[in-house]
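A.B. asks: With the hints as constraints, model all of the structure from the sequences given.
There are 2 protein chains.
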Amino acid sequence: MYKIAIDMMGSDEGPRQLSQAVDHYLKDNEDVSVLLYGDETILKDCFKDSLNLSRIQIVNTSSIIPMEIKPLEFLRAKDSSMYQAINAVKNGEADAVLTAGSTGGFVTGSTILLRNIDGVERAGLCSPFPTAKDGNGTVLLDIGANNYNSAEEVYQYGVMGRLYSKYVLGVQEPGVWILSNGTEEGKGTEEVVGAYQLMKERNLLGFKGNVEARNALDGTHDVIVTPGYAGNIFLKATEGMAKIMNDLIKQSFKTNLLTKIGYLFSSKGFKQMKKTMDYRRFGGAILMGINGVCVKAHGNSNEYAFYMAIGVCKKMIETQIVDRIKEEFAK
Amino acid sequence: MYKIAIDMMGSDEGPRQLSQAVDHYLKDNEDVSVLLYGDETILKDCFKDSLNLSRIQIVNTSSIIPMEIKPLEFLRAKDSSMYQAINAVKNGEADAVLTAGSTGGFVTGSTILLRNIDGVERAGLCSPFPTAKDGNGTVLLDIGANNYNSAEEVYQYGVMGRLYSKYVLGVQEPGVWILSNGTEEGKGTEEVVGAYQLMKERNLLGFKGNVEARNALDGTHDVIVTPGYAGNIFLKATEGMAKIMNDLIKQSFKTNLLTKIGYLFSSKGFKQMKKTMDYRRFGGAILMGINGVCVKAHGNSNEYAFYMAIGVCKKMIETQIVDRIKEEFAK
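Residue numbers (this note's numbering), protein chains in the order written: chain R, 5 to 335; chain E, 5 to 335.
Note that these hints are calculated values from the structure, not bench results. Hints may be right or wrong, so weigh each one.
Since the list gives no way to pick one copy over another, a pair counts as held whenever it fits inside one copy or between any two copies.
Unchecked claim - In silico BS3-like cross-links for lysine-lysine, where the CA-CA straight-line distance does not exceed 25 Å:
| id | residue 1 | residue 2 |
| --- | --- | --- |
| 1 | K258 | K279 |
| 2 | K272 | K258 |
| 3 | K247 | K279 |
| 4 | K264 | K137 |
Model, not experiment: these values are computed from the prediction.
C.D. replies: Here you go:
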């Protein structure tokens with residue numbers, strides 16, 4: 005039985021959507037049980053008609069970690085749903101922790117309570133991205149756990165990202181690239197240039213060089229690493245542009261009666277497109293480098309996205325990715 | 005008569021497309037004359053049927069600035085089309101310089117030959133972006149003249165970007181934002197946080213705070229400033245995503261016979277969308293902070309894009325933007 009600890013509070017959508025996702029996921033996966041942290045009264049009500057109560061344990065908590073929190077404040081927030089959920093992994097009560105709450109709080113809390121894997125300098129957030137080729141995902145890290153990352157840290161993201169792509173996503177020989185402002189060696193900030201050198205010197209398996217942001221999502225790049233600030237700008241720039249284009253597509257079809265008729269004829273193709281570009285099917289980001297499976301769902305996860313995020317937890321437990329990273333860094 | 009010096013070499017498309025743009029622009033603008041730098045034999049052939057020869061002067065040059073060049077190498081490349089074109093502004097033979105060649109070479113060359121405006125610490129590349137709202141452009145700088153920028157430099161981009169938006173684009177009261185990984189004060193790298201402080205302390209007109217990359221192009225942000233590395237990642241991430249979405253739209257319409265019929269009905273809306281998101285109508289990027297009008301067209305500019313870039317030169321001369329920046333920094 006895979007045990008997953010879930011912070012049910014702190015999402016933009018509230019606990020009801022998350023509860024539906026949990027119940028649906030338990031119905032589809034009989035080898036999973038959950039520990040749910042949050043307001044007991046609300047959660048009991050959410051699950052009152054559930055057929056999976058034997059695999060659900062609700063733990064009452066009385067506070068929610070705010071969007072911005074300092075390490076000391078986190079340590080004092082023992083009664084919060086996020087603290088308790090992370091702590092369940094620490095105590096061995098759960099094999100993974102999932103939250104849709106504060107990213108900063110989750111990075112801080114996981115690092116304090118579970119600690120980094122020996123040899124890992126700094127955990128990074130790893131996000132799968134949809135690409136131009138349906139089925140060919142790209143994983144990018146760090147997408148914003150940190151403002152700064154040293155060359156060594158970016159190198160380590162390459163090591164971890166490669167293992168994730170290989171063992172969790174099943175890519176046979178993942179290629180690893182560094183996000184930069186030019187493809188040539190020597191392009192980029194000091195840390196980016198330094199990471200390039202380390203990957204070459206240490207012969208990182210699959211290392212291919214730099215990739216520019218405009219080609220990152222063309223479906224031919226398995227793993228892309230970057231310091232967290234640039235990764236965050238990249239993530240949000242692509243999200244923003246995808247949203248603008250989607251809105252313009254809708255407008256285009258609404259132009260006049262003819263374009264509306266056009267939509268009736270072409271909606272099938274556009275539904276496929278929407279599916280290809282749907283971030284939600286990836287479920288969220290993985291906090292890589294921590295001594296435990298830590299998954300961060302989008303703050304505005306709907307039922308489908310949160311369902312997928314629970315699946316990411318299970319997949320990470322199944323494929324023993326944390327142990328594989330530990331082994332790699334113990335060499 | 006506005007005199008524009010143009011580097012006709014170094015574009016990916018070769019000098020013929022650029023020549024057509026020049027000739028077309030001269031036909032439409034009788035108050036403009038050009039100094040063209042490049043291979044005399046080719047250029048004379050390109051313009052052999054031109055009706056605007058009285059406003060065209062061709063200067064033969066024998067080399068092309070490569071994509072990557074060091075300052076000393078640039079100084080030795082006196083026989084290159086880019087060196088000569090920039091030098092024409094220095095000598096007062098031209099009021100503006102335009103190139104579709106190496107960005108790095110252009111930044112280096114303009115800085116060496118024309119120098120920064122007194123008080124400006126570092127020139128930045130400023131690019132207009134299409135946004136979700138047709139007609140509401142956003143200007144972003146620096147998009148990649150530099151890898152690093154100090155807080156002071158980012159602050160100065162705010163000053164210059166605001167003047168550009170006001171006097172060149174005609175925005176009455178431009179708002180100025182800093183690109184960051186969060187909207188709250190204190191979010192971002194050290195330079196970004198420092199720039200925020202400077203803008204507050206010095207009461208930069210129109211300063212509104214931080215903007216996240218996902219909202220940058222929603223049509224409500226006139227000016228956005230950022231250190232060059234993050235700006236370059238932003239620029240290319242949005243370009244890449246726009247291309248992916250365009251490709252998927254094409255695929256969507258090709259799904260089957262019905263979707264093809266759908267295209268016939270809805271093509272009008274999509275043509276409008278394509279126009280809204282067409283980067284080429286902005287013509288290229290402006291090198292801001294240099295003692296002279298310096299415009300960098302896209303390396304793969306077609307005739308339309310290069311025509312628009314010549315228009316950017318004229319508009320910058322007309323509106324005396326360089327003098328306005330000089331006045332501001334002389335205060």
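A.B. asks: Determine for every hint whether it applies to the structure shown.
C.D. replies: Cross-check of the supplied hints:
{"no.": "1", "hint": "K258 - K279", "verdict": "both (21 Å within a copy, 16 Å between copies)"}
{"no.": "2", "hint": "K272 - K258", "verdict": "both (17 Å within a copy, 11 Å between copies)"}
{"no.": "3", "hint": "K247 - K279", "verdict": "both (14 Å within a copy, 17 Å between copies)"}
{"no.": "4", "hint": "K264 - K137", "verdict": "between (28 Å within a copy, 21 Å between copies)"}
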